[in-house]
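Trainee: Read off the chains here:
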Amino acid sequence: MPQFTDLLFFAFAGMALLFGFLTVANPVSRNPVTSAMFLVLTIISLAGLYLLLHAFFLAAVQVLVYAGAVMVLFLFVIMLLDIKEEERRRLKTFTVGVGSVAVAALLGILTVSALSAKPGSPAGQTRLAIGDTAELGKVLFNHWLLPFEILSVLLLVAMVGVILLSKKDLK
Amino acid sequence: MSTKVVDRSPLTFYERTYLPAILGGLKVTAKHFADTVFKGKSVTMQYPEERWVVPEGYRGAPYLVKDQEGATKCVSCQLCEFVCPPKAIRITPPGAEGQPADRHNAEKMPKEFEINMLRCIFCGMCQEVCPEEAIFLQKDYSLTGESRSEMVFNKEKLLKLGGTHAGIQKWKHKLEEAETQETFPVQTR
Amino acid sequence: MNVGLQHYLIVSGLLFSLGLLGVVVRRNLLVIFMGLELMLNAANLSLVAFSRYNANLDGQVMVFFIITVAAAEVAVGLALIVALYRKRQTAHVEDLTTLKL
Amino acid sequence: MESLQYLSPTTQFVLFSALKILVVFGVVMTGVAYAVLVERKVSAWIQDRVGPNRTSPFFVDYIPVIGPFLVRLGIFQPMADGLKFMLKEDFTPSYVRKIYFWLAPAITVVPALMTVAVIPFGSTLGSEKMVIADLNVGILYTFGIVSLGVYGIVLAGYASNSKYPFLGGIRSSAQMISYEIAMGLSVVPIFLLTESLNLGDIVKYQADHGWMILKQPVAFVIFLIAAFAETNRLPFDLPESETELVGGYHTEYSSMKFALFFLGEYANMIASSAMMVTLFCGGWTLPGTLLSTPSSSLLVGLLHIGVFLSKMAVFMIVFIWVRWMLPRFRYDQLMDIGWRRFIPVALANILLTAVVVAL
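Chains as they are written, first to last, in my numbering: chain B, 1 to 171; chain A, 172 to 360; chain G, 361 to 461; chain L, 462 to 820.
It is possible that some hints are incorrect.
Pairs of lysine-lysine residues, derived as DSBU-like cross-links and limited to a Cα-Cα distance of at most 30 angstroms, are as follows [as the list claims (entries may be wrong)]:
1. G:K447 - B:K138
2. B:K168 - G:K460
3. L:K665 - L:K559
4. A:K279 - A:K237
5. L:K624 - G:K447
6. G:K460 - B:K167
7. A:K326 - A:K279
8. A:K279 - A:K212
9. A:K198 - A:K237
10. A:K326 - A:K310
11. L:K676 - B:K138
12. A:K198 - L:K676
13. G:K460 - B:K92
14. L:K545 - B:K167
15. G:K447 - B:K168
16. B:K167 - G:K447
17. L:K624 - B:K168
18. B:K138 - L:K624
If you only want the chain A side, here are some residues facing chain L, beta carbon under 7 angstroms, derived [what the hints assert, rightly or not]:
19. L197
20. T200
21. F204
22. T207
23. V208
24. T215
25. P219
26. N276
Derived by calculation from the structure, the hints in this document are not laboratory data. Every residue, glycine too, gets a C-beta built ideally from N, C-alpha and C.
All chains, full assembly: derive it from the sequences and hints.
Mentor: Below, the structure is given as structure tokens:
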């Protein structure tokens, strides 16, 4: 049923965009917690899009890592620092104007390049692209083994760095 | 010196696995579980059916008592009203043309006698102070009601709940105390 | 019209612009950081879409890497923000003017 | 069944899925209600009390011998509890952040209920697989959804705008992130052995090769303890520790909103029990009997579900019993156990299993 998945695409995409908009430019609230919660919703909508793209493993990892860990960390820090709502007067019209123009220009470039993209074939018949986790693992641990190992070192470095940074009496 | 040195040696490896604590907890809980389920050794009292045996000297709700002839003992002296710490008692004296006492050896009795059981702290001072021994803290411990006004007990209710204390007569036990003290083998002068 | 690669790319582009808008407009360090996360996610979406429509799993591997790096990045970034907050009692970019003349 | 064959496969799929969802939802809800009853009863028995033994609706009088017995067991207590929660005053303090205050209980419950979707609670009934969603990344889905459960508690703490709930929320976020890692690492050896992330495959593997609890006792212990931490049960109930935080994140809640937190906690317990049964105790299989292979007969299918539910009940009892066995851990002890004991042990376990598998 292509019709049904198309509907799902529009639902998820619309949700992702709406929640993404509410994350960065919520007209009602400037509360960082609100932003964080809408970002969580955006991430979950994106996971839905990944499902439509048959990337089941990534969808699960997206929810697990982004929504489950990264955003909880964000909330944790917001609460730890007791960050108040942004004051409204500080929003300068100049910044907003220039920013919007720049963003609109970028969006234009992105749209043009996206429209000129080759449509590609909605694969699915080939085993490679049906989102099989085992296949992903094989690719990851054969072709991309060295980057994977480097990544693990990066995580270790980040961990040590964070511990050092969060020490209070850092000399 | 009577200083007791508590053993605070560091935990051994076995103890640090929390296994002894877990096993100990399991033993205690299993024993109590088995005792309750299989031997019926529960310590709970099934309240409305089983009632608590109220000990002597228990301070329950204060009620008015009648004397052996069924007459009101209270003479409306208002001492209890004055002494009551939470001001739970309110006595309306009979006034000049009020009703006379319903017993022969008293001048008057209260027109109205109210105890607000929601304010009462069951301290027993009213009983202590009463010269006529007309008010007693009794063994009633389950005072309930559905409204605030219901919990203000009036004279009729208090007298009804208090009942007749035939054995308690004015100054009688004081008299007995005095007699025992007179026979006390202490020679005075 | 069936949903194809272009649809995903446009959604991705819109999300990326939204993230950038957040980075440019908002003044709270944490919200700016969230905008960055949004941009990373937009990039992820286009990578997954490419992977799907080119029948090639490399895109998904790349997304996997990006998610991992993002987790590390968030940890370090939040630690920096906490350290900054400890020193300055603010998480507002306009109050951080040490380099200003 | 005959008339169903005229429907298109899609309609059948939707129909059966909806039916399964409804039934599982009903079972989980009933399970939650009766888990609360079992909790109260077992707690009472361990503490030399009798527990709820009075609730008796009018029709009990017409049941001869069994009626009074059921009343003494408190079988009707959950109904009274539910009614009580609904009739209580739904009080919202004036200083709370209202939207989050109202959202938080719902956010707690939804992930707890969603976790159950991927768990194979039986083999087959007729031709239907007894699992709502047979995902090939089932376990990752579960972990993802479980990790969302923390938001309810964190938001409840934040929205209450009062210090004890706030501390509870902060504690909970740190605790859940820490123990999720240990939990995730503890199940990796299982995937190394079964070579699949699909929970159905894991059950099948255990039917053929014996239960995981025997092969991976270390993983089981870590998973069990992490499950206690994830469901905020004693000895790890630091987010709501009554004595220090007066109830923690749900201090300001009352009525149905409080009931939803309660429901979430017990639904989480049910989901964790189901996960443990599926991952470590062979799911719906029962070795040594005919029950270890999927069967098309209706009776065997029902028996499989029965086996699954009884195994789950055992774990629920464990959850409830442990509550009275151990005192609450201190916060630093909790973090110490999570980061410095379980994660290294789980990593070593992975390494060992990998070596064994490679050989």
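Trainee: Going through the earlier hints one by one, which of them does the structure break, listed in rising order?
Mentor: 1, 3, 8, 9, 14, 18, 25 and 26
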